[in-house]
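Asks: Chain residues, written in single-letter form:
Protein chains: 6
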Amino acid sequence: MEAAPSNRWPDALSPLLRAIDPMPTLGLIEYQDAPPEVRAIYDDIMATRKTDWVNNFWKALAHDPAALKRAWETAKQVMGPGSLDPLTKEMIYLAISISNQCEYCIASHTAGARGKGMTDEQFKEMLAVVGFANANNRLVAGLRVEVDERFNAPA
Amino acid sequence: MEAAPSNRWPDALSPLLRAIDPMPTLGLIEYQDAPPEVRAIYDDIMATRKTDWVNNFWKALAHDPAALKRAWETAKQVMGPGSLDPLTKEMIYLAISISNQCEYCIASHTAGARGKGMTDEQFKEMLAVVGFANANNRLVAGLRVEVDERFNAPA
Amino acid sequence: MEAAPSNRWPDALSPLLRAIDPMPTLGLIEYQDAPPEVRAIYDDIMATRKTDWVNNFWKALAHDPAALKRAWETAKQVMGPGSLDPLTKEMIYLAISISNQCEYCIASHTAGARGKGMTDEQFKEMLAVVGFANANNRLVAGLRVEVDERFNAPA
Amino acid sequence: MEAAPSNRWPDALSPLLRAIDPMPTLGLIEYQDAPPEVRAIYDDIMATRKTDWVNNFWKALAHDPAALKRAWETAKQVMGPGSLDPLTKEMIYLAISISNQCEYCIASHTAGARGKGMTDEQFKEMLAVVGFANANNRLVAGLRVEVDERFNAPA
Amino acid sequence: MEAAPSNRWPDALSPLLRAIDPMPTLGLIEYQDAPPEVRAIYDDIMATRKTDWVNNFWKALAHDPAALKRAWETAKQVMGPGSLDPLTKEMIYLAISISNQCEYCIASHTAGARGKGMTDEQFKEMLAVVGFANANNRLVAGLRVEVDERFNAPA
Amino acid sequence: MEAAPSNRWPDALSPLLRAIDPMPTLGLIEYQDAPPEVRAIYDDIMATRKTDWVNNFWKALAHDPAALKRAWETAKQVMGPGSLDPLTKEMIYLAISISNQCEYCIASHTAGARGKGMTDEQFKEMLAVVGFANANNRLVAGLRVEVDERFNAPA
Numbered sequence: 632m633e634a635a636p637s638n639r640w641p642d643a644l645s646p647l648l649r650a651i652d653p654m655p656t657l658g659l660i661e662y663q664d665a666p667p668e669v670r671a672i673y674d675d676i677m678a679t680r681k682t683d684w685v686n687n688f689w690k691a692l693a694h695d696p697a698a699l700k701r702a703w704e705t706a707k708q709v710m711g712p713g714s715l716d717p718l719t720k721e722m723i724y725l726a727i728s729i730s731n732q733c734e735y736c737i738a739s740h741t742a743g744a745r746g747k748g749m750t751d752e753q754f755k756e757m758l759a760v761v762g763f764a765n766a767n768n769r770l771v772a773g774l775r776v777e778v779d780e781r782f783n784a785p786a
Numbered sequence: 632m633e634a635a636p637s638n639r640w641p642d643a644l645s646p647l648l649r650a651i652d653p654m655p656t657l658g659l660i661e662y663q664d665a666p667p668e669v670r671a672i673y674d675d676i677m678a679t680r681k682t683d684w685v686n687n688f689w690k691a692l693a694h695d696p697a698a699l700k701r702a703w704e705t706a707k708q709v710m711g712p713g714s715l716d717p718l719t720k721e722m723i724y725l726a727i728s729i730s731n732q733c734e735y736c737i738a739s740h741t742a743g744a745r746g747k748g749m750t751d752e753q754f755k756e757m758l759a760v761v762g763f764a765n766a767n768n769r770l771v772a773g774l775r776v777e778v779d780e781r782f783n784a785p786a
Numbered sequence: 632m633e634a635a636p637s638n639r640w641p642d643a644l645s646p647l648l649r650a651i652d653p654m655p656t657l658g659l660i661e662y663q664d665a666p667p668e669v670r671a672i673y674d675d676i677m678a679t680r681k682t683d684w685v686n687n688f689w690k691a692l693a694h695d696p697a698a699l700k701r702a703w704e705t706a707k708q709v710m711g712p713g714s715l716d717p718l719t720k721e722m723i724y725l726a727i728s729i730s731n732q733c734e735y736c737i738a739s740h741t742a743g744a745r746g747k748g749m750t751d752e753q754f755k756e757m758l759a760v761v762g763f764a765n766a767n768n769r770l771v772a773g774l775r776v777e778v779d780e781r782f783n784a785p786a
Numbered sequence: 632m633e634a635a636p637s638n639r640w641p642d643a644l645s646p647l648l649r650a651i652d653p654m655p656t657l658g659l660i661e662y663q664d665a666p667p668e669v670r671a672i673y674d675d676i677m678a679t680r681k682t683d684w685v686n687n688f689w690k691a692l693a694h695d696p697a698a699l700k701r702a703w704e705t706a707k708q709v710m711g712p713g714s715l716d717p718l719t720k721e722m723i724y725l726a727i728s729i730s731n732q733c734e735y736c737i738a739s740h741t742a743g744a745r746g747k748g749m750t751d752e753q754f755k756e757m758l759a760v761v762g763f764a765n766a767n768n769r770l771v772a773g774l775r776v777e778v779d780e781r782f783n784a785p786a
Numbered sequence: 632m633e634a635a636p637s638n639r640w641p642d643a644l645s646p647l648l649r650a651i652d653p654m655p656t657l658g659l660i661e662y663q664d665a666p667p668e669v670r671a672i673y674d675d676i677m678a679t680r681k682t683d684w685v686n687n688f689w690k691a692l693a694h695d696p697a698a699l700k701r702a703w704e705t706a707k708q709v710m711g712p713g714s715l716d717p718l719t720k721e722m723i724y725l726a727i728s729i730s731n732q733c734e735y736c737i738a739s740h741t742a743g744a745r746g747k748g749m750t751d752e753q754f755k756e757m758l759a760v761v762g763f764a765n766a767n768n769r770l771v772a773g774l775r776v777e778v779d780e781r782f783n784a785p786a
Numbered sequence: 632m633e634a635a636p637s638n639r640w641p642d643a644l645s646p647l648l649r650a651i652d653p654m655p656t657l658g659l660i661e662y663q664d665a666p667p668e669v670r671a672i673y674d675d676i677m678a679t680r681k682t683d684w685v686n687n688f689w690k691a692l693a694h695d696p697a698a699l700k701r702a703w704e705t706a707k708q709v710m711g712p713g714s715l716d717p718l719t720k721e722m723i724y725l726a727i728s729i730s731n732q733c734e735y736c737i738a739s740h741t742a743g744a745r746g747k748g749m750t751d752e753q754f755k756e757m758l759a760v761v762g763f764a765n766a767n768n769r770l771v772a773g774l775r776v777e778v779d780e781r782f783n784a785p786a
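Chains as they are written, first to last, in the working numbering: chain F, 632 to 786; chain C, 632 to 786; chain G, 632 to 786; chain B, 632 to 786; chain A, 632 to 786; chain V, 632 to 786.
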């Protein structure tokens, strides 16, 4: 597990850092400070992802072990291979995070998608679709377009 | 091209229909009433999609021929085959429309994705990712999680 | 003041209507049933707008007379003439409602903007900007573009 | 009233600070520079909240004294005790701000809710509801679920 | 369990109904048609809620039994009594659904909150907070207000 | 064209800067490194805007030259003079960006609107409308207000 970032900067910079880089509301729970049920999930995250670190989202969520467990169990069910491959799922997740302006999620799932093989071309094509959908969603609403009858027919 | 829906119901129902099924703000431009530059785009839509009808979005947007042309040209550039296949793009578009609660877009792009081969399994897996991303986008924001330094490093 | 819509359809249709056209959560308060402080605001709305009816938003909000008063007082302060003219303000309001997918607000403020002189050309240009901004808002987020230093300088 | 933050860092850091910590668009109006009607509101804010400082939101909004007055009067009407207690209202406000990804509002209303007694347990339970609602809002939209007739019946 | 709505209207109205009241994308799974693992969840929903029917959300989600199970298990963990009471949680859920313009969720959780005892006064106060937060979230963003240092300090 | 910001700070600060001021996902393409078709667009941006620099949005988007071209061509069609003047369009764009919480877009289009003559009074009036619309969009949704029949009538 990586060392806590608080040890990295000269002390003189700490008030500056606090101003621009606030502590998460509940703080982060590092591995060495985690209770056993949280450690078990951290271990499972690292084993599943074949990596030796846990990103901040999980360390912040760990203050609510039941929420941590729900989110991680859902991640394993929802983001793994199925009739859609994990990269496609990761790009859908990233697309939603971009649309919702979630800075953390954009950063972490851009890295996640790249880790699953997303090329720059795929990233750019996904992003173009996100922009186009967001524009058209509003054109439709503004024009008050009624749903075509055919789209309401049973499949 | 399909007949206008206004001819389909008994006259006695028309005030009811107007109450529940309003005219689009600018109305719809049917093929027979369209100026040549709009007809050319309708023809291209039908030819590209190998179909004999045009859905309401384009008929409503046709009141602004420059906007119609921009949207259709972008659709051809953005939604066609590339490093992502057209079905993946259609599902990303649908995912965004679901996230944005755009009823028309959900109806039309569910049909569009099915037309490109989306199975019920794929639909359900996409939807599960949309729900999960929307939840986690808020957990991250509420916890004020800071971006991990690794996610900011150059790729 | 217009008659309540519930009297307009044959009784046989009433279950259908209830299914598709639900009562607002708290119902609507018609003029004849309104307490004096609500009537005074209805009167002011009609006098200010030089019209003889009040639209459903105010009749629904009237269940909370303090909220009704706040909203109407704000409307008079915010939507009236100033350094921006009332039509520009109405179009900004409509643009936001379109972006937020608020069906009622789109319907009422399209009518409102037209009542203030919005032409079809102006509507279409406004809508094009709304679509473009919504697209670009996401392109920027997805690309993680940092704010140019010049944009942070004091004006 | 607290001193302006601009005096706190070494001069050598000021270009860095400007890059990462931009001035609000219109700047902040400090108490000593405020016109009487703004000072009166600052005084009321501090008296109502039993505190000796005013947070940046009000100092930025003070450039539009009518907007400042509207917002503060609404705050007093809407956020105070009623049939819901102030802490419940503060948590609803925080929940909306989290859902909307408003960083400033999350920071200020997390502090506000804690000041009104919000425990970490309450914070975590509120956040779990926010995540769950945001997920389900999309599942419903994606599945195109029709409203149950019973939910449309008069209460 | 309630009878399917498709039996309720004269046949002559069915094309009208289909136009205005489309089938959910995957349809609804009624109790008598549900596989055992879905029936078990329907039974648990009815037992937990002390009622004899299941609303459409669950019947639509039942096409993905794993998603149905996740959502229902989360509902029991997240919406039940804790350090916040179930009515407060229901109102936070409703507030988010209103903010996100999810029509189905607004209808179902207004009913849900009333079933848990929400009074009209509480509803109106909650709604006022939702409106106020949504307004202020944008005032803050537009003014580019920086987070007060105090709000970044550890609790 | 301005020099790249990476040269501006002492080397000792670079890890700090990387932590707080991450590289855009694909980086920025500076003029001197741009291929001819990108340079041509940069030239057109600077000529059209009568300026000697290009802001980061375009430099980040330039990794996808087709997307860059689409966005710039749309900008010229949509943001230029028409039946709405460029300042009104810029303020509508800014209003949407504020509503969507897009920090970059707020910064760049506040500067853009000011460059087109937006006064502080106009900014404040626009912002007040954005706040009011966002509040009312939710009041309407929460009250489940049905659209007035008159708003559905043909114009």
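Warning: the hint list may mix true and false statements.
For chains that are exact copies, the list does not tell them apart, and a pair is met inside one copy or across any two.
Claimed, not checked - DSS-like, lysine-lysine: derived pairs with alpha carbons at most 30 Å apart:
id, residue 1, residue 2
1, K700, K747
2, K681, K707
3, K747, K681
4, K700, K681
5, K747, K707
I should point out that these hints are in silico values taken from the structure, not numbers from a laboratory.
Asks: Check the structure against each numbered hint from earlier and tell me which ones fail, lowest number first.
Replies: As far as the earlier hints go, not one is violated by this structure.
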